[in-house]
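Assemble the whole structure, with the sequences as input and the hints as a guide.
Take the sequence shown: its letters are residues 694 to 1115, numbered as in the working numbering.
Read the hints as simulated data drawn from the structure, not as lab findings. We put the CB at the ideal spot given by N, CA and C, even for glycine. A few of these clues could be false.
Stated by the list, open to error - Listed next, the in silico DSS-like pairs over lysine-lysine satisfying Cα-Cα at most 30 Å (straight line):
hint, residue 1, residue 2
1, K1042, K762
2, K1112, K1101
3, K1043, K762
As the list claims (entries may be wrong) - Pairwise CB distance ranges, derived in the manner of DEER restraints:
hint, residue 1, residue 2, range
4, W790, E1074, 46 to 54 Å
5, W790, G747, 16 to 24 Å
6, R1062, N1107, 17 to 25 Å
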Amino acid sequence: MESNIAHSFLTKHHQLFIVKLGLFLGLDILFVLLAATFFSRRAEFESGYVPLFGLVYLCLFLCMILSVKWGKLNSILLYGMLLAMLALGVYAFAVSWLVLLIALLFIHWRLLSHFQSEEVQIDLNSGVVFAFIAASVASLVTGSIRDTGNGIVIYCLLFLFIALIGAGTAVQRMMNRQKAATGGRYLRKTALIVLGVGVLGWGLIYASPFIRTVFYWFVEKLFWALSFLVDPIFQMLVSLRDWFMSIISGDTLEGFGGKLKQPDVENVQQNAFYETVSIPWLKEILLGLFLLAVILYVLKKRKVELESVGEEPLAPIISPIHSRGGVRDRVSSPIVYSDATNAIRTAMKKLEREADDVSMGRQPNETIRAWFSRLGLPEEEALLSLYETVRYGNKEPDQDEADYFISKIAEISNGLNAKKES
694 MESNIAHSFL TKHHQLFIVK LGLFLGLDIL FVLLAATFFS RRAEFESGYV PLFGLVYLCL
754 FLCMILSVKW GKLNSILLYG MLLAMLALGV YAFAVSWLVL LIALLFIHWR LLSHFQSEEV
814 QIDLNSGVVF AFIAASVASL VTGSIRDTGN GIVIYCLLFL FIALIGAGTA VQRMMNRQKA
874 ATGGRYLRKT ALIVLGVGVL GWGLIYASPF IRTVFYWFVE KLFWALSFLV DPIFQMLVSL
934 RDWFMSIISG DTLEGFGGKL KQPDVENVQQ NAFYETVSIP WLKEILLGLF LLAVILYVLK
994 KRKVELESVG EEPLAPIISP IHSRGGVRDR VSSPIVYSDA TNAIRTAMKK LEREADDVSM
1054 GRQPNETIRA WFSRLGLPEE EALLSLYETV RYGNKEPDQD EADYFISKIA EISNGLNAKK
1114 ES
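Quick look at the structure:
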């Protein structure tokens, strides 16, 4: 039987997994950069943290691609890159070694958790998006108090957060389509949305002085109109005060040792209330509302379901969390397998359990080809290709193929049992 998978690195499963790893690694680094805005000023942030973590992303993403190709995570390569980034950040970019160490440990922890996941489709929780928005708002507030000047930087991180999610999900949608033209439509649509958000965001930044001027003009006219009501009331109160004071004789007060001072109302300068109005955060408020509207639009589109290459349904891009009675349920579509597919999967799981009994079990993140090679079994391309097509959902086998696979697995199982008895 001719194999549909010429090389394990070229399978669609691995390509989808690489896209997912690249997206999640980028989001983790954006969280680290956002945390750095709490304690660093804009000049230090742009000259140290941005180029350093951009280099960290490139190096770790390359490490993940090689690890996916090899079928397991190369610890020597990973830790070597992390140590190199630590030394480079301290000596070349003058970043605090303690802050950089904590950031790299966080990225390392997240990287291992992403790599150990068997799900290849992007399943981004809505809570991650809201956590990033909340942290951005907190950084804006603390930055305004401490005058760090990171307002535009935070908005750029928010824009990159949205753009990265949109680009990653669009690429996976395109890869899940059989026809490139159908998938390209989603990629073009996402590119236009990202470009539109960027143009409108920068336009809002440059137009904010004009918007602020118009806002102040409306406030000024509003209080000017209210002054027509305030002045008569004020004059009436002044007249009432003068009438009341005229009843009391100045000579009477002086007889009791008091002295009445005549107020000089004409010399008192009254400033209009609108002349002291100042809203320095108007630009930040407008940009925040604009980005919040864009993020809500992205979250509204999260229920769009992906179409798989075959008939197998795929999970939503961003699965919302519904809280009812303290239990969090993830919305997902059930996956129904055929009898032949279930038979092949069951036979492989049985073989893995029997191999564990003789201390020859399959290691975490180890491919079926690497496992058979370690056991010293002959690499039958028909057998391995059949399992890979079933495992990655590229094909629905028929009953004859399932019987062939079960018979071959039974032969391997008998060999393992013989080793166990001996």
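For each hint, the structure was consulted:
Restraint check for K1042 and K762: satisfied, since their Cα atoms lie roughly 23 Å apart, inside the 30 Å limit. Taken as a hint, the K1112 and K1101 pair is honoured in the structure, with Cα atoms around 17 Å apart against an allowance of 30 Å. Distance hint between K1043 and K762 is fulfilled; the C-alpha atoms sit about 26 Å from each other, no more than 30 Å. Between W790 and E1074 the Cβ separation comes to about 51 Å, which falls inside the hinted range of 46 to 54 Å.
A beta carbon spacing of about 19 Å between W790 and G747 agrees with the range 16 to 24 Å that was offered as a hint. At about 21 Å, the CB distance of R1062 to N1107 agrees with the hint of 17 to 25 Å.
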